[in-house]
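Reassemble the complex: the two chains are provided individually, in unrelated frames, and hints are given to aid placement.
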Amino acid sequence: MKSGEEKILLSHGNGGKIMHSLIGELFLRHFSNPILNEQTDAAILATGGDEIAFTTDSFVIDPIFFPGGNIGKLSVCGTVNDLAVAGASPLYLSVSFILEEGLPIKELEAIVVALAEEAKEAGITIVTGDTKVVHKGKCDKIFINTAGIGSVRKEDRHIGKGQHIRPGDIIIINGTIGDHGMAVMGARESFHFKTSVISDCASLNHLIREVLDNSNGVKFMRDPTRGGVATVLNELAEKTCLGIEIDEPALPVSPGVTAICELLGFDPLHIANEGKVIIVATPEAAESILETMKRNKLGLHSAIIGRVVTDHPGKVVLNNETGGRRIVDSLTGDPLPRIC
Amino acid sequence: MKYVGEYRKKELILAVAEELKRVSKKDITLMEVCGGHTMAIHRFGLPALLPPNVKLLSGPGCPVCVSSQYFIDLAIAFCKVPGVIITTYGDLIRVPGSGSSLEKEKANGEDIRIVYSVLESVELARSNPDRKVIFLGIGFETTAPATAAAILEAKKAGLTNFFVISAHKVMPPVMKALVAEGVKIDGFLAPGHVSAITGTAIYNDLATVCKLGVVIAGFEPVDMMQAILMLVKQFEEGTPKVEIQYQRVVHHEGNKIAQAVLDEVFELQDDRWRGLGVIPGSGLKIREQFSAFDAEKHFRITVPEPADPAGCICGSILRGLKTPEQCGLFATTCTPADPVGACMVSGEGTCATYYKYRS
Numbered sequence: 001m002k003s004g005e006e007k008i009l010l011s012h013g014n015g016g017k018i019m020h021s022l023i024g025e026l027f028l029r030h031f032s033n034p035i036l037n038e039q040t041d042a043a044i045l046a047t048g049g050d051e052i053a054f055t056t057d058s059f060v061i062d063p064i065f066f067p068g069g070n071i072g073k074l075s076v077c078g079t080v081n082d083l084a085v086a087g088a089s090p091l092y093l094s095v096s097f098i099l100e101e102g103l104p105i106k107e108l109e110a111i112v113v114a115l116a117e118e119a120k121e122a123g124i125t126i127v128t129g130d131t132k133v134v135h136k137g138k139c140d141k142i143f144i145n146t147a148g149i150g151s152v153r154k155e156d157r158h159i160g161k162g163q164h165i166r167p168g169d170i171i172i173i174n175g176t177i178g179d180h181g182m183a184v185m186g187a188r189e190s191f192h193f194k195t196s197v198i199s200d201c202a203s204l205n206h207l208i209r210e211v212l213d214n215s216n217g218v219k220f221m222r223d224p225t226r227g228g229v230a231t232v233l234n235e236l237a238e239k240t241c242l243g244i245e246i247d248e249p250a251l252p253v254s255p256g257v258t259a260i261c262e263l264l265g266f267d268p269l270h271i272a273n274e275g276k277v278i279i280v281a282t283p284e285a286a287e288s289i290l291e292t293m294k295r296n297k298l299g300l301h302s303a304i305i306g307r308v309v310t311d312h313p314g315k316v317v318l319n320n321e322t323g324g325r326r327i328v329d330s331l332t333g334d335p336l337p338r339i340c
Numbered sequence: 001m002k003y004v005g006e007y008r009k010k011e012l013i014l015a016v017a018e019e020l021k022r023v024s025k026k027d028i029t030l031m032e033v034c035g036g037h038t039m040a041i042h043r044f045g046l047p048a049l050l051p052p053n054v055k056l057l058s059g060p061g062c063p064v065c066v067s068s069q070y071f072i073d074l075a076i077a078f079c080k081v082p083g084v085i086i087t088t089y090g091d092l093i094r095v096p097g098s099g100s101s102l103e104k105e106k107a108n109g110e111d112i113r114i115v116y117s118v119l120e121s122v123e124l125a126r127s128n129p130d131r132k133v134i135f136l137g138i139g140f141e142t143t144a145p146a147t148a149a150a151i152l153e154a155k156k157a158g159l160t161n162f163f164v165i166s167a168h169k170v171m172p173p174v175m176k177a178l179v180a181e182g183v184k185i186d187g188f189l190a191p192g193h194v195s196a197i198t199g200t201a202i203y204n205d206l207a208t209v210c211k212l213g214v215v216i217a218g219f220e221p222v223d224m225m226q227a228i229l230m231l232v233k234q235f236e237e238g239t240p241k242v243e244i245q246y247q248r249v250v251h252h253e254g255n256k257i258a259q260a261v262l263d264e265v266f267e268l269q270d271d272r273w274r275g276l277g278v279i280p281g282s283g284l285k286i287r288e289q290f291s292a293f294d295a296e297k298h299f300r301i302t303v304p305e306p307a308d309p310a311g312c313i314c315g316s317i318l319r320g321l322k323t324p325e326q327c328g329l330f331a332t333t334c335t336p337a338d339p340v341g342a343c344m345v346s347g348e349g350t351c352a353t354y355y356k357y358r359s
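Protein chains in written order, with the numbering used here: chain A, 1 to 340; chain B, 1 to 359.
What follows is a list of derived Cβ distance ranges for each label pair:
| hint | chain 1 | residue 1 | chain 2 | residue 2 | range |
| --- | --- | --- | --- | --- | --- |
| 1 | B | H251 | A | D247 | 35 to 43 angstroms |
| 2 | B | P82 | A | A46 | 55 to 63 angstroms |
| 3 | B | A331 | A | E287 | 36 to 44 angstroms |
| 4 | A | P249 | B | R358 | 16 to 24 angstroms |
| 5 | A | V60 | B | A331 | 31 to 39 angstroms |
| 6 | B | R131 | A | D247 | 46 to 54 angstroms |
| 7 | A | I18 | B | L152 | 47 to 55 angstroms |
| 8 | A | D247 | B | V209 | 42 to 50 angstroms |
| 9 | B | P82 | A | A250 | 49 to 57 angstroms |
| 10 | B | G5 | A | R295 | 25 to 33 angstroms |
| 11 | B | G5 | A | S196 | 15 to 23 angstroms |
| 12 | A | G102 | B | A260 | 41 to 49 angstroms |
| 13 | A | E117 | B | P82 | 44 to 52 angstroms |
| 14 | B | G238 | A | P283 | 54 to 62 angstroms |
DSBU-like cross-link-like pairs, simulated, lysine-lysine; straight-line CA separation at most 35 angstroms:
| hint | chain 1 | residue 1 | chain 2 | residue 2 |
| --- | --- | --- | --- | --- |
| 15 | B | K256 | B | K211 |
| 16 | B | K322 | B | K184 |
| 17 | A | K120 | A | K154 |
| 18 | A | K239 | B | K356 |
| 19 | B | K10 | A | K294 |
| 20 | B | K55 | B | K211 |
| 21 | B | K322 | A | K315 |
| 22 | B | K104 | A | K138 |
| 23 | B | K9 | A | K315 |
| 24 | B | K21 | A | K315 |
| 25 | B | K55 | B | K233 |
Don't read these hints as lab results, they were simulated from the structure.
Backbone N, C-alpha and C define an ideal beta-carbon position, used for all residues, glycine too.
For reference, chain B alone in the conformation it holds in the complex (with noise of 0.2 angstroms):
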């Protein structure tokens, strides 16, 4: 297929691979932090082909891995109010809370309906004006300017029966706070899709301050092999910095237009991660002037706080200190039939990856 069988090409591969061991000279540590990285990874068998000096990391990419389970709470309770019909998209509806999931509570009768795109919930919002429509807005800043623009679009439609619960986050924080945590990382693979909107500036803290290499990156395994090739060389070279893997589709500036989208609508909030905990400035709320789109603000609702299931190590496999493997859940009482932490549930979650791809 047409810009992806290129991408996809063995024996390019292989010569970057080879380009690889010959220039890798040190013990070096990279993280991924896209759930999309992750799977590429596995899927392309692509640890195989490093020298055995450079180890990869996943770390907490997967929007739906780092839903809290407060926000799996809320959306369940949002879902028992009459009237509403819940719309989310796919992989977050087999998401355990505390005691249920979206799916178990479809299954019970509950309006949740799995959509494509942001802008499918406004459009029922619009053919179903008897009914609350409450979009579950996940994601970084990839999904983000979607559900800012259905907003607007909304507002713009003079919607009355649409809302959205944001737990949008964004990137750098949860890069940064791993790093001051102590986690050992040498560099970042970057997601090429945030950098698409939001380009590179976002990074520049990580390579000047942190003096760590930010490589954005491409999801084909030849942009993989040749985004890791890049941080290989700047750490042998020690000069550390933020460069560009994916320049067919990513610039420096990124999308203006999806930004100023972004910013129209949310700010930054302190925000919860599942496993990690509350990170200052890590997550995306609407601002107070679209408050009428707030489902939070609107119906009122609130959660007890929700304890971690009993042995699941979530929090450690996102920061990257623990595999799978070393969780006694895995492939045991934790499988994606009957997942017991979120890494296990989404396609793109770590646990969920290792499993599928385990051999």
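Chain A on its own, in the form it takes in the complex (with noise of 0.2 angstroms):
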């Protein structure tokens, strides 16, 4: 196939010759290994003696391309983060592409690209996929789903669940937050501003496999997504009845993210990661866990950032930087620029 110029056209979905030469030249190239190779209906995998972990997630990011990544990275990233955040070691993916007619297939290259490197990088193997051609303007460019399945050790079961968080557990995170929410809006035609924001959009399931084989003090685990990390610390805070502090001159915000938060009125702790984990770990791990993470080049700005309380069950606190106090709500909706 040559991917000059040409588009992708309703026939690329019809299960014909010409689809199977977009599955053969573009998508088996580039994710090629032995299970996929089979081209079998079902995949059939080895799992070995643990417990599976399980999970799926579909892509629609606006635009496609974004500085730091792309929505084939992305599709790969946040399935992975699932399964790493619970624990799991990611073994396989599934990824199944919804096509607008008329994408260029090198854009279609370029995102298969980034999804196949992405997947080596975490160590994932794809096994199965689909491909569906719509009409133009019933999707927009390119919605992927992957699924991912995963192994879990059996000490490292309650780590999704949380039920072990006590007082004084101390929360950690393994950098700086909104990057990816920033640099996706950042790229938005709309949006005048040229920043140099990046998105932090990546696989955690090595960092995360660094900080379980070094320590057993990690109580929990999540990766801040949408709603940002404010939506993941509520959660954990109604769900566990205990309140939980933070503090802002602790949080890790780079100034192209805070610039941007300052001119639009947002709150960095409501803006989506893409490459970011909030651990929660005991008092006495945490500090060790911190070093493990400072090792790994994605979490070389990890930072110690709040504690679990008994006071304010269910609600999350911020002490600020001028010295008062406020409560950090989840996100109502999406966030929206302020007027003035």
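Below is the structure:
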């Protein structure tokens, strides 16, 4: 297939020759591995003796290319991270594309390449997939669904649930917040600022594995994607009926993100991340976990940002830089820019 | 962050708070008339730093909150005209009208788009010659010059498909109306960005006739604390006047270019304020010579006069007569996720701010 000016046609999804050439020349070329190459209707997978973690996520991001990644890379990171924060080691991935008629094949290839590279980086194998093409206007360029399977050790099973969280536990994050949401907003055509902000989009499974292998003090993990850090912490406070206290000066926020948030009236705590994990750990283990995280390139700016407390159960309170305190609420609806 | 961090220094804030405690003797009530100020006061927890005799009231300064329900109903009626694209600043889309909101109409398939600048709307009109683009003009002297500039730009470009519904308002008449109504205020914290455009003279009457201090303040906690200190000093000394705290941005004469653009396109009119009714000379209407860009003249659509939502006390809150906690709907029936009154909708609305930062 020559990928110069060619575009996706409805016939790329019709099950016939053209579709098979797309699968063979684009998807299999980049995703090739023994399981996928079998091209069976269902992949047969070996999982060892551990329990299985299974998750799925759909990606409809606009724009499909943004500083720091594209929808292909994101569709691996998102699912890998959902597995990793449940304490699982990602093993297998399914990838389904819904393509809009007219999508340039060159763009599809760039997305497929990024997807393949990220899967390799994360060590997850793409074992099955699907492609559909819809009429122009029936989807926005490309939608991707991925589902992931991972294996979980018995001792890590509690991590996704957080039932061992106690007052005094420490809250750690692996770096700056709000980068993904602001990078995507900056990449939208209607947004006339040029920003240096780059999405943090990354697979966190290796960093998380290093943490779990070096410490048994992890009580809970969650990736603060849509709704941001504020939403994850509020869910946690509600679920545990405990309070959460965070320290504004300790929150890592890049100058670029701070600047856009100041301009538009957003709170970085509400902005999406795609390469961040919030870890709740025992006070004894917190420092050594922080050290382990800082040794990974995705955790260089890791920081302790707060703690679990018995006060104000169900609520997240922020100690601000000026000595005041305020409640941090979950996000309501989409963050909208303020008028003035 | 430069130009922000300096004005959030804890030591500076506490030093001003100490001075305030030393100087302030008499009970004093100050009103801020800008949503940005309301946000800053609560976000930085300033009330806890003030002496107990210094009370802050939130006035009608959030442009989304003071936009009348009639205006929202009108915008909803316009969005249903075939071929129309409605453009708006973000937080207006959730404001409830009589039976719907722009957000709900968007979900119904109407073409409603959020813009960051009114000039995007002009661009949209240029690139969609077969569509009619209507911009919802809201805001005070801060955003109105940009709308005026957009109308001039559309005229220059010869566009015949760009329109504005103007609900733009000016600040001083509502401040005077509150004083005339007898709301107990001893001084105003005036919004810095309004005066960046208008200068300071717009408040002279308040100082000379009403004998009230007006301090034009910036939006960081040090700015706010210093402005409060300046007002308290004026009050203690009995010397009400118009002063500028936000000197790094505001000059007495304001931005003459913006003033000229504003005056070329708009003239004053009596205008509706949510919860406050009609205030004489408080709104900005598009001048006759630019009527080709006035959506209300072009489309000639009217909507019935809406009734205020039952139980909602937005009017009293905007007047500073009541606080959100005194409203029976606050945080029960009326929440940011499902607002009844406009004060709960905008991130800068008094109720939304109280809800968000309540502790």
